[in-house]
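S.K.: Sequence:
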Amino acid sequence: MTDASSISDAEASKAHRSLGLTAEVADTDAYANTVERFRARRIALPTFAELRDPSTIPAARLAALAGV
Numbered sequence: 001m002t003d004a005s006s007i008s009d010a011e012a013s014k015a016h017r018s019l020g021l022t023a024e025v026a027d028t029d030a031y032a033n034t035v036e037r038f039r040a041r042r043i044a045l046p047t048f049a050e051l052r053d054p055s056t057i058p059a060a061r062l063a064a065l066a067g068v
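My numbering applies: residue 1 is where the sequence shown begins, and numbers increase by one.
Read the hints as simulated data drawn from the structure, not as lab findings.
Note that the coordinates shown come from a computational prediction; the quantities given were computed from them, not determined experimentally.
Just so you know, even glycine gets a beta-carbon here, dropped at the ideal spot from N, CA and C.
Be careful, since some hints might not be right.
Okay, the calculated beta carbon distance ranges per label pair [stated by the list, open to error]: (1) S8 - A59: 36 to 44 Å; (2) A15 - I57: 25 to 33 Å; (3) R37 - I57: 19 to 27 Å; (4) L65 - D9: 33 to 41 Å; (5) D9 - A44: 25 to 33 Å; (6) T34 - P58: 20 to 28 Å.
Below 20 Å or equal to it, Euclidean Cα-Cα: the simulated SDA-like pairs (lysine to any residue) are [unchecked claim]: (7) K14 - A26; (8) K14 - V25; (9) K14 - E24.
Kindly produce the complete structure, drawing on both the sequences and the hints.
M.R.: Spelled out as structure tokens, the structure:
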């Protein structure tokens with residue numbers, strides 16, 4: 001198995017493309033509309049770290065979800 005720190009940028013880019021992952025936004029208008037809608041509705045997506053370890057989610061955010 002290859003250590004992730006030894007992978008070149010080109011290799012990482014090729015791997016991302018092969019998995020359908022991209023760092024570019026495909027539709028900037030849709031992205032901007034989504035950001036605006038989420039802000040207006042106070043929607044906060046969890047971070048990858050919070051998904052990995054839900055105990056890191058701030059207590060205030062968990063309290064706001066109590067009624068859901």
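S.K.: Confirm or reject each hint.
M.R.: Status of each hint after checking the structure:
The hinted window of 36 to 44 Å between S8 and A59 holds, with their beta carbons roughly 42 Å apart. For A15 and I57, the hinted distance range of 25 to 33 Å is satisfied, since their beta carbons lie about 30 Å from each other. Separated by about 22 Å at the C-beta atoms, R37 and I57 satisfy the suggested range of 19 to 27 Å. The hint said 33 to 41 Å for the Cβ distance between L65 and D9, and at roughly 39 Å that hint holds.
Between D9 and A44 the C-beta distance comes to about 31 Å, which sits within the given range of 25 to 33 Å. A hinted range of 20 to 28 Å holds for the C-beta pair T34 and P58, which are about 23 Å apart. Straight-line distance between C-alpha atoms of K14 and A26 comes to about 18 Å, which keeps the hinted pair within the 20 Å bound. Between K14 and V25 the CA atoms are separated by roughly 17 Å; this keeps the pair inside 20 Å, and the hint holds.
The suggested pairing of K14 with E24 holds, with an alpha-carbon distance near 14 Å, which does not exceed 20 Å.
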